[in-house]
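If you follow the hints, you should be able to join the two separate chains into one complex; please do so.
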Amino acid sequence: MTIALSFLIPIVGALLILAASRVSDNLREGVTLATAVALAINVWSLIPELMSGGRPELQLFEILPGIDFGFQIEPLGMLFAALASGLWIVNSIYSIGYMRANKENKQTRFYVFFALSITATIGIAFSANLFTLFLFYEVLTLCTYPLVSHKGDAKTIRSARIYLGVLLTTSIGLLLPAILWTYFVAGTGDFTPGGILEGNLEGPALGLLLGLFVFGIGKAAVMPVHRWLPAAMVAPTPVSALLHAVAVVKAGVFTVIKVIVYIFGVEHLFAEPSSGWLLYAAAFTVIVASIVALKQTNIKRLLAYSTVAQLSYVVMAAAILKPLAEVGASMHIVAHAFGKITLFFAAGAIYTAAKKTEVWQLKGIGRRMPWTMAAFTIGALSMIGVPPTGGFVSKWFILAGAFESDNYVAIATIIGSTVLNAAYFLPIIFAVWFSREDPEQKLDHGEAPWPMVTALSITAALTIGLFLFNAPLIALESQIVGIVK
Amino acid sequence: MTAFHSHLPVLQVIVPMLTAPLVILLNQKRLPWIVATAASLCAFAIAVTLAMSVMAGQTIQYSLGAWPAPWGIELAVDAFSALMLLVVTGASSVALLAGAQSLDKDIEHHRQPLFYAAWLLALSGLAGILVTADAFNIFVFMEISSLASYVLISGGPDKRALPAVFKYLVMGTIGATFYLIGVGLIYMMTGTLNLADMAFRIEDVADQTPILLAAGFITIGLALKAAIFPLHIWLPNAYTYAPNMVTVFLAACATKVAIYVLLRFDFFVFQPNLVGHDFQFTFFLLPLSLLAILVGSSVAIFEPKLKRLMAWSSVAQIGYITLGASLLSVSGTTASVLHIFNHSLAKGALFLVMACLGMRIAQLRIDNIAGIAQKMPWTMAAFVLAGLSLIGVPGTAGFISKWYLITASFESGAMGIALVVIILISSLMAVVYIWRIVESAYFRQPEEDLVITEAPIPLLLMTWVVVLMNVYFGFAPGVPIELATGAAELLHGQTP
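Chains as they are written, first to last, in our numbering: chain A, 1 to 485; chain B, 1 to 496.
Bound conformation, chain B alone (with noise of 0.2 Å):
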């Protein structure tokens, strides 16, 4: 490993918040788009170089600035983190290579350099979280990373986005209120705040009392910011009315990030050392899940606004990730870990046409798109793909994702048939909700003449090179499958 190659993981955060001042300076027309998706394609390749390496066999440590953990910060990149950067730094490329215009459309130009510097810092808020080992330093890239996206979504011109960030403002911080009080509580009882270290001096501690609150705030923190439900009410109304391609990016990857902490906390620093602590996930993580699943689907099918049925619909399928968690296996992590990325997919590309849509039509609602495939034949195929990736049709993304999760259901015994019934009966649903809007584009005449054009070039390419790759994720699985496999046996502290 070179001198260079050893830093990746704090040039993962370091080279987009660097970049973010330096876009405030940048007021030329086109610049700030430039230097923010240039920063962020870099940010991607550095992910692509340490998943890469972790498929290698390595896990990266990085002690910064050389103090040895535990007393200094330390990074680390594994199977789970590096998929995960790989998620996030994508959605960020793809919606900047493909937003030009659409930002254009939603921000005005003079703030624009202020956007973009939101946006990088948003990125690297996120890849933080990600990358480091240490319970106090995710609290803070939490902190960077929300306050950016308070910023990016009421950045848009539709007012209705202020009342929905405030919204999430107090619930957000309310949840990282809890999850520093329970690193604090942590912190007390062991005197460390690096989460290997954490997860090893916690069995020392005579009193469990105070790691059982802790653990209890820091679970409940973070489903907060992760959308699960009913901790979800957020997120609905936030995706709406944020700009569409915001809404890109953080649909792919912000409540994720949180599931991420969520799920290390839990199996890593909890699950090993608290007695019980399965009852948290058999008798409140899965039947919140499974309501999860039911009430977003039913509520996305009855929607009529476009934007807000997909963001019902991603309550449902965060309810899928925290379902095959809650089955406390190695196979139903790995359907978990697998679905943060396949979801990604689908639902990165499902909101991608949703900013096709939204450069031509004003109001995006079932039935203002009637008959629109006729006009933008291009960006309707791309919906219909992403759709069906979404349901879980074989030859998608989504069915390998599913595949793992019922097989999961199946191995967990005679509840997992009961299991394997309601994620059958949420995917129909699926089927309805995508089917109103597939009908509506392409059987429905509209009601006036539409005079609109398909949607602007970079924007349709990028939402098809997504679709493909939930196409191409459908057949060739290999690298999420392998990624999210040594996830799942980390967090169950087998050594892959």
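Only chain A is shown next, with the shape it has when bound in the complex (with noise of 0.2 Å):
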């Protein structure tokens, strides 16, 4: 019952807001930030369950033999929409600031869709095979189509274009023969603790499913498929900063975890020496993206090559197929996202308050902005992983893994990011504390609107509170390291 309210609640949430709009404004809004609060209350009243070693499903029916449509939650999933939902709360209080400051159009469109591609994201955590988890695939890649493409002009046409050409596109070309062939190989697609592919597919042919997986799953946004993060930032900041550094690009993440731990199954994926590449593939993204990202000036396009980086972080730890390292993989997609939220609410704050939008032009900002650039610092040294940000706890782990397999690709990888991420992030934060002004730039503005500062200080307390409480979520995660044992 509870899971069908995690769909029916966003959805009628969605209708509601429809209806809303045609009465006032402030009701939308109001139907906006209930629905969230109703959704994440009720996903997580499903932690303590998961907690005591619990496994809710709701199997709703047989589409074809083999191939049911059905949900089934497990640690990570539960982690992935507790975070999802929790973060939409915070997310919607920003929105209202962020959309009636820049005085946006068509907000009744922005918020509708917004409901349903947390719907969207809720269903591709709770799915309990392939072929659910694919079919929420796709209808996130659709629903955030019109959010992308909100402005309308031609230039976000063609940005949005490619965005959906570069998803559809990987998931049709290579994600749906992936799990075509799962299914054929092993006759089912169900989630298994310990894989289904094991005595059902060996050899070179099992490095290239994961091939088919890992580039299929184009919202992991593992190099050379990563062009439609860049391009997904002409959305409005709301947008970048819920979907595009937490719901879909986790989405991707996600699901590349979940295949490796449940499809393909840890232990037998590590003894099948073509499935290294993948190591490779994800350490060679978070280097390159990281180079690209010194060069960018546009502050959203650099948040947006920073994001693929970390993206392939979480990859790079799921591919060193080691417990640990699992575990740091999944806290990953928690402390980046609280991190990478932050910075994105404070990019939308500085856009909306002062209309700044490229790195050059942040001189100084600081005095302007304290609450704003006290988080957006708090967000950058959890990227580059200081202590006391959520960064370093799972680097942290991620690092043990690594020592423990002895990987030294992947310890060189993290080091080498470190500093690049530094190289790039503390030269901005250097430049916004104790620079001087700009005199030529407009000066008279404060900080944007309180519902903008709120949402980014909640943030930016949470990347700090990461780091000093993350025991329960260790506990939940472990979970997944005791099944892959």
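Keep in mind the hints are simulated off the structure, nothing from the lab. Bear in mind that the values here come from a model prediction, so they are computed numbers and not experimental data. There is no bait here: all hints are sound.
List of simulated lysine-lysine pairs, BS3-like, C-alpha gap at most 27 Å: (1) A:155 to B:375; (2) B:167 to B:305; (3) A:106 to B:375; (4) B:305 to A:155; (5) A:355 to A:295; (6) B:305 to B:105; (7) B:375 to A:151; (8) A:356 to A:103; (9) B:375 to A:103; (10) A:295 to A:363; (11) A:103 to A:151.
Here are some of the chain A residues that sit facing chain B, going by a computed Cβ distance under 10 Å: (12) 61; (13) 64; (14) 67; (15) 138; (16) 139; (17) 168; (18) 172; (19) 173; (20) 176; (21) 180; (22) 184.
Quick reminder that beta carbons are idealized off the backbone N, C-alpha and C, glycines included.
Dropping the structure here:
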């Protein structure tokens, strides 16, 4: 019942938003917030059962023999759903401030598709098998398209076309055959602890199938299928913040982890040499995306390339194929989500208050927007992995996993990318706080509207909170490891 | 089985056929439409009853005039014909229920009785092809349905329909003649016209040459009717310039009925009896299907006229259907039959959307529908869903048949991988041509202010009924799959 409600609440919410928009904007925003809160409470109410080892499930119907449409919740999916639904509340507060202050049009469409995107995200998180996951994966792509193309001018539509083109091409061209192949050899696509391919598929074919999955899951943005993410930055900032730092991209890496753990089976994959390339592909993406980020001058594009790098961090951690690294991978989903949403919130706040979009315009802005820039600093430190932020925790686990298997490529990549992250974030932080303001810029602005500042303060606090209080999360995610062992 | 029940196969044909002259006599305003719709619904109800009996395990046989086969004409309904009857009568009923306003717009009032009579004759002919088990009878019904559909296509105000229908008429007549020559040759060698009897007797024919010749004539004749690449050239213009509702009806079923006859003949009569008949499938039908898929989709991508775009997409989709059959496996044929059903749903819905747009816009071109989604939100939402079904996105009917087709390709060995690649590439091409329309309707600004409203309620309602069926059969495809599997097993000579 709770599972069914997790879908009904946002869908009904979307309809109510539509209805409420006829009455007043305040009511519409009220409905959005109420829906977000109701969904989060509903999703979080499942956590205790998961902690005690339960696996709630909801089998709806069999579509074809062997192919079910159904849901089953396991720790990884729980984490992802709890994260997305929780941050939706914060993001809704932020959206209200952003959309009103920037006088965006078609706000009702925006909120409706936002709610539908969250529904699809929950669907991905709770899927019991590859088929159900694929269905929601495609729904998420389609529901986010109107959000990306929100502005509606020619440039935006061009970018939105890249977004849709890359995501649909990879999913239909690579992910779908991978799923069909899996069903064909294993006779099932159910997510099963320990995987379903052992004894069904061996040798180089396994490495090939892994390739179809990893590059087919375009949302994970492993190079060269990362182009859609910078293109998606034409969307309003709340979309970039929740969808392209949390829901959509995390749906990608979540699917990668899920496939590695529950379809391939970690040990089966570890024993197969032809799967080794994944680590290198991810490591390559981490380093190259970080270098590209160094050269970006637009704040949101810089953050996008940073996201590409950080996503491959998760993929690389999963590809280390050691229990501690899998925990690190799932922790990094959370840590990066908190940090990156904060950074995007800050970027949107800067745009709203000062109409600034470029890195070089930020000199001395810290004195005018102390709250925003403090949050930005915390987010940036988390990206680098400096204590006391959440980014440190996940890096710790990934490094521990890498040492466990003496994986020096991974260790070197982590060290190298930390240096690169520092190289592109620290100069910004320095300029923001210690440089003199450019006198030619328009200077008469303060903080962004209060809902935005509130939202970014909350996520910044969460980033630090994750460093201090991470025990329950690690206990939950260790259950995946328990299965892996 | 009650006495009435046992007459259903013949009633399937008789009801629309005898209503047709009745309709001509009616010239009150709405009466012809009401009677034609009622007859079509009646035929649909018969088809549903027949399908239920078939699913309960019966093969329904009926001897016309109580003359036993092979002397008399036999009617037979099995899983394949039951599924096809559902498609044909369903498409006709939906188009009529939806189409009163749209047809008022296209057909002058005084010509309406004749028009609806032609419609019923087309329906009767198509249903006749499906129920009969007699090769010559198929020809007769084929002529009835073809002549009636020439009338339907050229019935609208668009004069460009006339050259289009002339091309269709010439090619259709050649096709029918070829078919008749083939049937004549077989009759000469076997002395029978009953399909089952024919299959039984061909084995004993000493000289196989006339039979081979017959197979060639029949296959090519039917391929013309079925618009199998490269014999498809009559199709795009005929679909484009026909009245919108006629396109809904004929696009969903006319070519597919020809494919039905083709599959019947090739699998039932020739395949078990002719040495090396596989050759035809592997070296002709398979490559031609792939060409149809790729060429049809490519042309659709660059086509600015909406209905022509859809027609080219149909050429590609017919390629999927024949591709499944050319794999020569039960699973391949299941995919093929299933795709006949699912594609009718998707394309029927899309052409209904075209009819909705046609009510409000004179020239259906991609540029002319810029920004129209604001004015016709329900119509365009229906388009998006039906388009997803055409692409084959999970959760829609189109996905189910693609799934079967891909599974069947995988099973056919090393070559199967290449087929899967082509199927997926063409799915992506479908994304492109569907998305061009979506993008124009939703995300482009209209050039001038559009003063239009949503389509008429009955039309919109039926469009959504079909769209929701696309979704329903995407999640609960049990019935079509059962019938399609039954049909495939029959065609491959396996008793279900």
